[in-house]
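There are 2 protein chains.
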Amino acid sequence: MNSRETANVDEPRTVSYGDVEAAAARLANRAHRTPVFTSRAFDERAGGQVFFKCENLQRTGSFKFRGAFNALLQLPEEQQRRGVVTYSSGNHAQAVALAGKLLGVPATVVMPEDAPRVKLAATRAYGAEVVLYDRAKEEREEIGAKLKRERGLALVPPYDNPHVVAGQGTSAKELLEETGALDLLLVPCGGGGLLSGCAIAARVLSPGCRIVGVEPENADDAARSFQTGVLQTVENPDTIADGVRTPSLGRVTFPLVLRHVDDIVTVSEEAILRATRLLWERTKLVVEPTGALAAAALLEGAVALEPGGRIGVVLSGGNMDLGRLCALF
Amino acid sequence: MNSRETANVDEPRTVSYGDVEAAAARLANRAHRTPVFTSRAFDERAGGQVFFKCENLQRTGSFKFRGAFNALLQLPEEQQRRGVVTYSSGNHAQAVALAGKLLGVPATVVMPEDAPRVKLAATRAYGAEVVLYDRAKEEREEIGAKLKRERGLALVPPYDNPHVVAGQGTSAKELLEETGALDLLLVPCGGGGLLSGCAIAARVLSPGCRIVGVEPENADDAARSFQTGVLQTVENPDTIADGVRTPSLGRVTFPLVLRHVDDIVTVSEEAILRATRLLWERTKLVVEPTGALAAAALLEGAVALEPGGRIGVVLSGGNMDLGRLCALF
Numbered sequence: 003m004n005s006r007e008t009a010n011v012d013e014p015r016t017v018s019y020g021d022v023e024a025a026a027a028r029l030a031n032r033a034h035r036t037p038v039f040t041s042r043a044f045d046e047r048a049g050g051q052v053f054f055k056c057e058n059l060q061r062t063g064s065f066k067f068r069g070a071f072n073a074l075l076q077l078p079e080e081q082q083r084r085g086v087v088t089y090s091s092g093n094h095a096q097a098v099a100l101a102g103k104l105l106g107v108p109a110t111v112v113m114p115e116d117a118p119r120v121k122l123a124a125t126r127a128y129g130a131e132v133v134l135y136d137r138a139k140e141e142r143e144e145i146g147a148k149l150k151r152e153r154g155l156a157l158v159p160p161y162d163n164p165h166v167v168a169g170q171g172t173s174a175k176e177l178l179e180e181t182g183a184l185d186l187l188l189v190p191c192g193g194g195g196l197l198s199g200c201a202i203a204a205r206v207l208s209p210g211c212r213i214v215g216v217e218p219e220n221a222d223d224a225a226r227s228f229q230t231g232v233l234q235t236v237e238n239p240d241t242i243a244d245g246v247r248t249p250s251l252g253r254v255t256f257p258l259v260l261r262h263v264d265d266i267v268t269v270s271e272e273a274i275l276r277a278t279r280l281l282w283e284r285t286k287l288v289v290e291p292t293g294a295l296a297a298a299a300l301l302e303g304a305v306a307l308e309p310g311g312r313i314g315v316v317l318s319g320g321n322m323d324l325g326r327l328c329a330l331f
Numbered sequence: 003m004n005s006r007e008t009a010n011v012d013e014p015r016t017v018s019y020g021d022v023e024a025a026a027a028r029l030a031n032r033a034h035r036t037p038v039f040t041s042r043a044f045d046e047r048a049g050g051q052v053f054f055k056c057e058n059l060q061r062t063g064s065f066k067f068r069g070a071f072n073a074l075l076q077l078p079e080e081q082q083r084r085g086v087v088t089y090s091s092g093n094h095a096q097a098v099a100l101a102g103k104l105l106g107v108p109a110t111v112v113m114p115e116d117a118p119r120v121k122l123a124a125t126r127a128y129g130a131e132v133v134l135y136d137r138a139k140e141e142r143e144e145i146g147a148k149l150k151r152e153r154g155l156a157l158v159p160p161y162d163n164p165h166v167v168a169g170q171g172t173s174a175k176e177l178l179e180e181t182g183a184l185d186l187l188l189v190p191c192g193g194g195g196l197l198s199g200c201a202i203a204a205r206v207l208s209p210g211c212r213i214v215g216v217e218p219e220n221a222d223d224a225a226r227s228f229q230t231g232v233l234q235t236v237e238n239p240d241t242i243a244d245g246v247r248t249p250s251l252g253r254v255t256f257p258l259v260l261r262h263v264d265d266i267v268t269v270s271e272e273a274i275l276r277a278t279r280l281l282w283e284r285t286k287l288v289v290e291p292t293g294a295l296a297a298a299a300l301l302e303g304a305v306a307l308e309p310g311g312r313i314g315v316v317l318s319g320g321n322m323d324l325g326r327l328c329a330l331f
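Chain order of the listed sequences is A and B. The numbers in the working numbering rise by one with no breaks, and the one at position 177 of the first sequence is 179. The numbers in the working numbering rise by one with no breaks, and the one at position 234 of the second sequence is 236.
A couple of the hints might just be wrong.
Heads up, the list lumps identical chains together, so a pair's fine if it works in one copy or across two of them.
Derived pair list, reagent style SDA-like, types lysine to any residue, alpha-carbon separation capped at 25 angstroms [to be verified]: (1) 103 with 143; (2) 103 with 41; (3) 148 with 131; (4) 150 with 284.
FYI, nobody ran anything at the bench for these hints, they're computed from the structure.
Here chain A stands alone, though its shape is the one from the complex (with noise of 0.2 angstroms):
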């Protein structure tokens, strides 16, 4: 990929496995090469091999540290001078946030006001200046685009870009480089960022891999857009996961999830938390609730499991409120 004909990073194009490959070289040593975890626990429930990519221990506390470090280092030096402008329910934010500071990027971000409150602190830590909206009234989108034109920002997209997908990739190619071939292959899925990026590397790295999405029932947007082939919306969906209460999946990932992914299947709330609950206690990790999906769908059965299947199940973040968490349960 050549940095000089694609300065704008919201100009959509597709992805290929070179694109994740490139992505990789750029944050070897600045991402971290995340631990892949297993569990005996997770392995009898599953009846078959289970592998977790642990993105809850990447920098900023998700993947999407990735995709933005990806797409910040890829901005013309003038743009990178001006700084960046994003919007994100929170992990997204963080990772724009370090990536800007990384970089020397200034970083504006526009966050919903009910954010968790740890992701508000966070981002504003790395140094971005956050800009609060009301989820009920006002659209991300318009808020955004509107800094971006006042103030000469570049807009990075939380995931409907094709450097955010690249990098985002990287995880499961790392994932495969140290598991090896796998059965099954399952992604959280918003915006489609992270499964999209999963899903090309898979395709190279593991040819017979199943690959599928994973969603709240209550934020089933992506599972009909790809059953029916025709983009679906949803609008501030109610589920605990609340890093994929995004509208729909988008112009760069909804074609990449199609070609690329073999299915999306929902997962119910309380699945949700009982999985957020047994990585919990069984492995000792910190999962946020968007963070335990794919790991939801393997305890609700809500994928086809070979006996003895090898199954790597990416666990992509953990930034929760202690407050939130005990709420919850």
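Got chain A sorted already, so can you dock chain B onto it with the hints?
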């Protein structure tokens, strides 16, 4: 060490680094080689480099598996067939239960009625018989001795045993093999098994390293014993660190602590809570309050820190009811 000479696991004797090495060889591929985590948030607070040895990620969720497995493996065959008994506030119980299951040794565990629910359930799930007692009215040592006598069981004490001490020392051995020399090693202290084992290993592997035990202010018997050189006791201390509610250091561990440890410091209940929470939020690790003791010493400034120092911190366990956590905060 010749196992035929040490058939009785309660026989007191001293422990050398050679015993720790022998234990490490026995534990290879049976215990996890637990990971070492770092955290920028803790580095900043400590003004140095902090290395967390994650014994919360050990089998059964604490370091206790190391000592229990090492002790059971050295029983004569005849005794292995008859079985073992132990008493424990929780983590040692699970450790003996799993070690017994893996080695085919029937395990009976004496546990307080008010032990954390998750620990009772896990001990039973590993196939051990659980005998409950009332902490306010009964002495667990007496109940254990009675079962030993009546059923011909071997007693595997939670800390006051050379094989147990040698097993626990493998934790510091692994840590130092990974980090190289350290300036300071902080280790939680209850009965002193983990502390003395780690000190024996650190003396050899990092000769200049200052070795400091950490216990709650509310259960400061080891600190007082260390300072006076005379064994002090404490009765049913009121601390959230339920793993170190032990009455005193032991016949085996007290001399080892006096000989190999540089200091024992205490931390407040508030500092233990703050450390538990900060570990939770910043490292995404579930660490029980007892397991957070050494991290609390860093946060509370209970030990003098050299700027830029390299500090090892043993996170000793992660078994905690979610309900209990929420009640604490």
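Hints, one by one, checked against the model:
In this assembly of identical chains, residue 103 and residue 143 lie within 25 angstroms of each other by CA distance solely inside one copy; the values are 23 angstroms within and 57 angstroms between copies. Proximity of residue 103 and residue 41 under a CA criterion of 25 angstroms is satisfied inter-copy only: 18 angstroms between copies versus 36 angstroms inside one chain copy. When the C-alpha separation of residue 148 and residue 131 is checked against a cutoff of 25 angstroms, the pair qualifies only within one copy, where the shortest distance is 15 angstroms, while the shortest distance between copies is 66 angstroms. With identical chains, the CA atoms of residue 150 and residue 284 are never at most 25 angstroms apart, being 45 angstroms at best within one copy and 32 angstroms at best between copies.
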